Each structure stands twice: as C-alpha cells, then as structure tokens.
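Undergrad: So the sequences go chain by chain: S and Y. Just so we're aligned, residue 1 is where the first sequence starts under my numbering, counting upward by one. Just so we're aligned, residue 281 is where the second sequence starts under my numbering, counting upward by one.
Just so you know, not all the hints are guaranteed correct.
Within a straight-line C-alpha distance of at most 30 Å, the following computed DSSO-like cross-link-like pairs (lysine-lysine) qualify [stated by the list, open to error]: (1) Lys513(Y) to Lys468(Y); (2) Lys201(S) to Lys233(S); (3) Lys513(Y) to Lys57(S); (4) Lys268(S) to Lys255(S); (5) Lys57(S) to Lys415(Y); (6) Lys95(S) to Lys415(Y); (7) Lys168(S) to Lys240(S); (8) Lys233(S) to Lys141(S); (9) Lys585(Y) to Lys468(Y).
Covered stretches of chain S (chain Y as the covering partner; in silico rule of three or more C-beta atoms under 8 Å from a C-beta of chain Y) [as the list claims (entries may be wrong)]: (10) 50 to 60; (11) 81 to 91; (12) 129 to 135.
Think of the hints as simulated: they come from the structure by calculation, not from any bench. Only a predicted model underlies this, so the values are computations on that prediction, with no experimental measurement involved. In this text, a Cβ means the ideal position worked out from N, Cα and C, and glycines have one as well.
Chain by chain, the residues:
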Amino acid sequence: MSRIERLNQIASQVRRDIIRQTHMAASGHPGGSLGCADFMTALYFEVMDHNPSFNMKGANEDVFFLSNGHISPLWYSILARSGYFPVEELASFRKINSRLQGHPATHEGLPGVRVASGSLGQGLSVAIGMALAKKLNGDTKTVYVLTGDGELQEGQVWEAAMFAAHHKVDNLIVTVDWNGQQIDGPTREVMSLGDLEAKWKGFGWRVLHMDGHDMDDILMTLKEAKNASRMGKPVCILMKTEMGKGVDFMEGTHKWHGKATNDEQTKKALAQLEETLGDF
Amino acid sequence: MLSAIVSTGKKATRDGYGEGMTELGRTNPEVVALCADLVGSLKIQQFIDENPDRFFQTGIAEANMMGIAAGLATAGKIPFPSTFANFATGRVYDQIRQSIAYSHKNVKICASHAGVTLGEDGATHQILEDIGMMKMLPGFTVINPCDANQTKAATVAIAEHHGPVYLRFGRPGWPVFTSEDESFVIGKARILNRGTDVTLIACGHMVWQSVEAAKQLENEGISVDLLDMHTIKPLDTEAIVQSVRRTGCVVTAEEHQRNGGLGDSVSQTLARQYPAPQEYVAVNDTFGESGKPFELLDKYGLGVKDIVAAVKSVLKRKSRR
Chain S
1 MSRIERLNQI ASQVRRDIIR QTHMAASGHP GGSLGCADFM TALYFEVMDH NPSFNMKGAN
61 EDVFFLSNGH ISPLWYSILA RSGYFPVEEL ASFRKINSRL QGHPATHEGL PGVRVASGSL
121 GQGLSVAIGM ALAKKLNGDT KTVYVLTGDG ELQEGQVWEA AMFAAHHKVD NLIVTVDWNG
181 QQIDGPTREV MSLGDLEAKW KGFGWRVLHM DGHDMDDILM TLKEAKNASR MGKPVCILMK
241 TEMGKGVDFM EGTHKWHGKA TNDEQTKKAL AQLEETLGDF
Chain Y
281 MLSAIVSTGK KATRDGYGEG MTELGRTNPE VVALCADLVG SLKIQQFIDE NPDRFFQTGI
341 AEANMMGIAA GLATAGKIPF PSTFANFATG RVYDQIRQSI AYSHKNVKIC ASHAGVTLGE
401 DGATHQILED IGMMKMLPGF TVINPCDANQ TKAATVAIAE HHGPVYLRFG RPGWPVFTSE
461 DESFVIGKAR ILNRGTDVTL IACGHMVWQS VEAAKQLENE GISVDLLDMH TIKPLDTEAI
521 VQSVRRTGCV VTAEEHQRNG GLGDSVSQTL ARQYPAPQEY VAVNDTFGES GKPFELLDKY
581 GLGVKDIVAA VKSVLKRKSR R
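Given these sequences and hints, build the entire structure.
TA: Here you go:
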C-alpha cells in the first residue's frame, strides 16, 4: 500500500469516528470536522514529529494547536488513533464525566490537548507563545495551528498575525480551513473575508495554497511550508476544503456545521465511509 | 502598635513591580515579560535592558498578549503579561478565562493603574471591577498589595507559586510603610494592629488609609484590629474569623466596587462562619472621573474620614445587638 493510500484509509476511519461520535452524542460539529479530516490525518500520521506519550511542554517535538475547537470530534479521533488515549474513549464524547469535552479542554488532562479552545480566535496567539518558547529554548521543532475561516472575523487573529510577522516567529505554520462556511451561512454573506491571500501577505506572512482533500497536495504543501519556515517569516497555508467532505448529503453546506446526524442519516453516512481500522 | 507604622516616603506600587521584575530577571531564567505598549508606565525597562530576549512587546493588542502568555506558560515559561488593570482584565476577560484560567496556565497577570487613584485619565481607565472579575475565575489567585515594598515582594513571590495570578497595583506615589525585607506570603493576612472594638480589613492603597483611620480612632478611644488582606483569593478566612470573634464587627476598605470586592469575600466568610455587622468602604455602583487621587478618594467615599465614619456606624450596630 502506498503512503497516500494508507493516509486515505486512516482518514476514512477518522470520518467514521466523527459521524459516530456526534451521532452518539446527538450533538457536536461534524461539518468542519469532516472537512479537515484529510489535513489532520496527514499532519499527525506523516508530517509532525510528535510523541503520543504526551508531555504538556512539548519540548523537542512538533506541537499542534486547534484554534477552531468545535471540530473536536476530528481531533479526538486523530489523537486516539495516534495512540494518545484509548480509541474506546471516543464513545464518551460530550457525555458526563468525560475527558472528551464538547470543546477541547485540559481540565481532566486529556493527552494531546495543551490549551482549551472553542471561544474562537485565540489559538494563533497561544501557538505564537509556544513558538517563542521553543526559540528561547533552542528547540528547532515547529508549531502548527489550525484555524477556521469564519474565525478570521475575530480581531485577535490579526493582532496575532501582526505580532508573528513583526517578531519573525518563523517556526510557526498556520493553516486556515477555507471552507467558506460558518454557522449562519456562507462567509461571503455573513461577513466577507475579502482577499485572504492579500491580507496574510499584507501582514507580512508567507502564503501557500493547498487543496485540503488531495493527500498528495497536502503532503507536498506541508513540506513546502516546513521548508519555508525559519526564513524570517511565519507561514500561512490557505487550505481549500469542503464542509462535510466524504458524506454526499453533508458536503458543501453550512447546515451540518453544528448538527449531528440522526439514526437513518448516520447509516447512510457510514455506508459511504469504509471501516479501515475498526470502529470504536 | 499603630504608632510604629509610619511612612518612610512616597513611592508608587508600580515601582515595586518594576523592581520585583528586575530581581526576577536576575534570579529566575524562566520568567519572561510581556507588555502592551506601556513599558514606561509598568516600570519594566530595567528588566528589558538586562534580559532583552525575555521580553515581548505586543503593541496595543492585549488579547493577543494573554494568548501568547498562555502559550509561553504551556512550554514551561513563567510569563508576566502587564498593562493597565482595565486592559489586563475586562478587555480580555474571555482570553484569560479560556486560554489561562480554564487551561490551568501558570501566567502572572500584572496590572497597574487600578482604581480611582489613577487620577486625571478618568473613568475609562479607572477600573473598579477587576478584583471581582478575577476572583470569580476558578483557580485564580488575586493579590492587591499595599505599598511599593510589598508589591516588589509579591512580584517575586508569585513567580514561585504555580498557577494563574492577578497582581493589582496602582499609579500614584503612595506612602511606603512596610519593611523592605519582609517576605510575602500569599494568602496570609498581615496583622498590623491588635485591637478589641472593631475589625478593619483593607487591601491595596486602602491599607494606608486604614492605618491613618485607625490612629484617629485610637485617639478617640476606639481600639481597631487592623488586617492587611493583600490576598483577596485565596482569602485568609481564619484570620478574619479569629479577629471578628474578638471584636464582633467588621469594616472592609478597598479601592473597588462594593459588588464583587474584598468586602464581598469577607461577608461570604462571616455569613457562613460567624455572622457579624459589617460596613463597606468601597465605590458604590458608580464610575469614577478625572481628578487628583486624594480628591477622588474623598469624593467616592474612600477617604480616611469615610473609614472612621464606617467604623462608628458599625460599632452602633454592634451595640444594638
């Protein structure tokens, strides 16, 4: 099996995990989770040098922060499938007494999560702090952060963007999940983001584009981003994705942003996603 | 002995912060400082000169500063983000709540220019709600030292404490009356005077006001048990209950709204453990305004005379019991 085939197989299982977690919880955010499944699979199973035995400080390893915390069912699946915690624990998503909170949190010590997210726009700042600490410590690893596109409407993101360029935080790669959707509808109707490439460039970033559903392109672009890091500029990847990707009736609409599938829809969705690693 | 408590001169509490940071710069390599375009006001230039790599200027972007502090703390640094108290709390409450408090980050938020004694800049900058906001956050330690020496000692002490801290201090030159070599114990009230008639509990600038009030009251034959409650959270409930058991009544004094402040915390303690008449010297549901620090303290009910009046009032209520 090729590397790409293997990653696509993992992504298929991750998508099943997303549908099953949100269905079992009868809540959660499957749309954006499905859309970022390919990227997150590539990041954790191929690109990042990370340690599933988990150390909060993340010294001498690549570190990831999820700023758009609502796509937690995706991250939880990725973390569990990477060995951070038992896969069976995915069944506790959003349930009482669970470490798998609706939005990621550290309070019960879930391995893999270093800061809470959910209230949007904060992850890039936190990632910058981690990147600065790595530089102070002479740690040459990279800090990755994923943000939504609707999230870019939060002013703090641009405070952070300005800071990272000014202080040459070049061990930092931010990926924007550019699916063009947010809760109330398409971003162009809710609050236009304008020319995103020009915006990030104008703030002093190196900007790359990526097809978030082409595993080849994801690996290539992430490699290019890594090569572009440590060159004096932070790197931003504008990743084109489709909300709900992988389940035909969920694709390309904001309707599944924050809604779980019912029994029948779940069956239909799972029929489209191959079980490759065994369901939890 | 009240008469032994004397001012050795005036110095701003924020100067104590700057000196504490200078000391930490030399003694604790994990300490890093952040500031949002107020380096001069926060008195941290010497720290920056001596440790340029350990200082991060964020520009006028406090939300980002708090997030960066959370990230630095995640990696094991001990970040001290600092700015004016208004911008260090209310403006960025959600960032503090999610990225620092809920995420258990070892961040030391240090805030100057709290309260009406900020003076001429007016109510936009005179935050009087910050103690309440910060003490409501689970796990947060909230400290409001009384003079420059204590602020320096507190700055050094919070670096050794693991967990998020809000350290609140002020702008104006203020009497220095604590000893330079006194160490700071988080959560432990300082007993300034043992008295029998009334308990007077104060924090921040209002401790000195309370010393002056207690001296006046002593001259009138009223014996004041005076507590410097520099740590509002965790509160030294034992010291409060022990004192009020003896005196039977209490006055609290703070440069803050009555709602949510030190007085509130004292009330909660006493309501559960030893109910007693209480009076509050605090700002009562209003904003401040421009003026000189002492003019404002007087106008907003935080003068020495207001403390004296509150003591007399609470003593009347005690005698009616």
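Undergrad: CA of Lys201(S) to CA of Lys233(S), is that 30 Å or under?
TA: With Cα atoms ~10 Å apart, Lys201(S) and Lys233(S) stay inside 30 Å; holds.
Undergrad: Three or more residues of the segment 129 to 135 of chain S near chain Y by CB distance under 8 Å?
TA: Coverage by chain Y holds for the segment 129 to 135 of chain S (6 residues, Cβ < 8 Å).
Undergrad: So if I understand the rule, the pair passes when the alpha-carbon distance is 30 Å or less; does Lys168(S) with Lys240(S) pass?
TA: holds, 26 Å
Undergrad: Are Lys513(Y) and Lys57(S) close enough, with their CA atoms no more than 30 Å apart?
TA: With Cα atoms ~27 Å apart, Lys513(Y) and Lys57(S) stay inside 30 Å; holds.
Undergrad: Straight-line Cα separation of Lys233(S) and Lys141(S) no greater than 30 Å?
TA: holds, 15 Å
Undergrad: Confirm or reject the coverage of the segment 50 to 60 of chain S by chain Y under the rule of 3 or more residues with a beta carbon closer than 8 Å to the chain's beta carbons.
TA: As far as the segment 50 to 60 of chain S goes, the hint holds, because 4 residues have Cβ atoms under 8 Å from chain Y.
Undergrad: Taking 30 Å as the top limit, are the C-alpha atoms of Lys513(Y) and Lys468(Y) close enough?
TA: At roughly 10 Å apart (the allowed maximum being 30 Å), Lys468(Y) and Lys513(Y) satisfy the hint.
Undergrad: Just to be careful, I want the Cα atoms of Lys585(Y) and Lys468(Y) compared with a cutoff of 30 Å; is the pair within it?
TA: Holds, at about 28 Å.
Undergrad: Below or equal to 30 Å on CA atoms is what counts here, so check Lys57(S) against Lys415(Y).
TA: holds, 27 Å
Undergrad: Holds or violated: Lys268(S) and Lys255(S), Cα atoms, limit 30 Å.
TA: Roughly 17 Å between the alpha carbons, so the hint for Lys268(S) and Lys255(S) holds.
Undergrad: Are three or more residues of the segment 81 to 91 of chain S within 8 Å, CB to CB, of chain Y?
TA: Violated, because only 0 residues of the segment 81 to 91 of chain S bring their Cβ atoms closer than 8 Å to Cβ atoms of chain Y.
Undergrad: So if I understand the rule, the pair passes when the alpha-carbon distance is 30 Å or less; does Lys95(S) with Lys415(Y) pass?
TA: Answer holds: Lys95(S) to Lys415(Y) is near 29 Å, not above 30 Å.
Hint check: a violation occurs at hint 11 only; the rest are consistent with the structure.
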